[in-house]
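Colleague: Residues per chain, in single letters:
There are 2 protein chains.
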Amino acid sequence: MKEPIWTRERKAPPRETLSREQIVKTAMAILDSEGVTGLSMRKLAARLDAGATSLYWHVPTKDDLVDLLIDEVWGEIDVPEPELAGWRSGALLFGHSLRSAVLRHPWLPEVMYTRPSLGPNAMSLGSRGLVLFEAGGFADHDIDLAMSSVMSYVLGTVNAEVATREMVRKSGRSEETWVSEMLEQAQAVASEYPEMQKSVRRRTSLGLDSSLTENFVFGLDALLDGLATRVTK
Amino acid sequence: MKEPIWTRERKAPPRETLSREQIVKTAMAILDSEGVTGLSMRKLAARLDAGATSLYWHVPTKDDLVDLLIDEVWGEIDVPEPELAGWRSGALLFGHSLRSAVLRHPWLPEVMYTRPSLGPNAMSLGSRGLVLFEAGGFADHDIDLAMSSVMSYVLGTVNAEVATREMVRKSGRSEETWVSEMLEQAQAVASEYPEMQKSVRRRTSLGLDSSLTENFVFGLDALLDGLATRVTK
DNA sequence: TAGTCACTCGCACACTGTACGACAAGCTCG
DNA sequence: CGAGCTTGTCGTACAGTGTGCGAGTGACTA
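Protein chains in written order, with this note's numbering: chain D, 100 to 332; chain X, 100 to 332.
Possibly wrong hints are sitting among the right ones.
Since the list can't tell identical chains apart, any single copy or any two copies may satisfy a pair.
[To be verified] Straight-line alpha carbon distances no greater than 30 Å define the calculated BS3-like cross-link-like pairs of lysine-lysine that follow:
1. 142 with 124
2. 124 with 297
3. 297 with 142
4. 297 with 161
5. 161 with 124
Note that these hints are calculated values from the structure, not bench results.
Given these sequences and hints, build the entire structure.
Modeller: Dropping the structure here:
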């Protein structure tokens, strides 16, 4: 198993030139605004006024670059110290922080599952999360289970949320017209499924934004309720 | 917004030839065994002893083909009738059925979020799910929220699970050696993170398979507990 | 002045989805 | 029987991808 990119050491950069930091920063901007398919090594290089293959001196492969970008996102996520917030509200805060980081970087779910996250920020995040759940009073064995339940729920929900938002964005239409077009299409297809019709109608009472937030909060709250009963002391 | 592929009608197939069903079936086999990157139109055509572009007579684009494949998977998932199982165990069964379908088709999470699921099987699945939660006694507004919480949790968890299993598969190593190699690497990187060290050690007491199943069940159970307190009647 | 290191970059390869247009086989109609 | 339409196949071509290779450049050291 090959050594991950964070621990491979680099030579010192002697004069002004492309830098890994610069590359990461620009790549992040492209990814945030144009998504995974919008990031190519050629385009990235062009935006840096460089030749495509020059990047390869600073970053071994595109995959490694993406590893760096993912860890950058992990670094944006808060996990409160348990003594400041208490377990329950700490976990709530963590969930919200994770959600908003992913909303800022909607490309994350598309790439994060294809590789292990072993970067420094990922490690630190995991570590602080475990501290929080441990302080919450879970049995040894349940600490990991509880923590990973929360992460999975949040990522699962946000993944769907991001997918919806990206579909709106790519359609080029306004949020309202997209919703109404989508509605029309769903209604047409759902004519034999009265349950779906009702559901679609129910879901459009709020705006898209509040609807998605409500959805997220409802499930997270329920999950935390369920987890709370597993606290042993 | 363009009409989705299920409702666009086709001409009748007059003589023996390639068929959409055949293409879907072969594509499914490739996808299941080689994953998303393993499916190309040329390879698919080759396996059908056809020219690459011949496929395009039967299927408008590769994306449309993938839409068909996704809906095929939705068709494999059970949702019990509420009178047979009751809400709680019905939801449990649904979750397990969804999980095992995704484990059979590990490519699903990679592609399902990039498009809306409006195929007939998706509709029917959604519809039966809603019936189950409605019968469970959730308030009108909560039916959708509860159902989508469960789906998100399951998909989130299984997404991570599939990612792990795929990493093992692609490494070419046996499960045990992969786990131990991964462990070694994590330990090396995690030296400054004692919490992670402990967690890694805790997680390796069971085999990979039981560990992943336990993880899945723990969170699903907690979530359903939390949802149960939201039932109003 | 010679040599070495740090860095840039053009070219080329194998691969992708799919538009286009040429071609063939079978059916229907006159 | 023959013409023409429909159904279906497929070779070629285009624009795009990540990246290995090797040549080239400028600055610093000995």
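Colleague: As a check of your reading, is residue 161 near residue 124 (CA-CA no more than 30 Å) within one copy, between copies, both or neither?
Modeller: within (14 Å within a copy, 33 Å between copies)
Colleague: With identical chains treated as interchangeable, where does the CA-CA distance between residue 124 and residue 297 reach 30 Å or less: within a copy, between copies, both, or neither?
Modeller: Classified as neither; 45 Å inside a copy, 34 Å across copies.
Colleague: Between copies, within a copy, both or neither: which fits residue 142 and residue 124 at Cα up to 30 Å?
Modeller: within (14 Å within a copy, 37 Å between copies)
Colleague: Are the CA atoms of residue 297 and residue 142 at most 30 Å apart within a copy, between copies, both, or neither?
Modeller: neither (46 Å within a copy, 43 Å between copies)
Colleague: Within, between, both or neither: how does the pair residue 297, residue 161 come out at a Cα-Cα threshold of 30 Å?
Modeller: neither (46 Å within a copy, 32 Å between copies)
Hint violations for this structure: numbers 2, 3, 4, all remaining hints satisfied.
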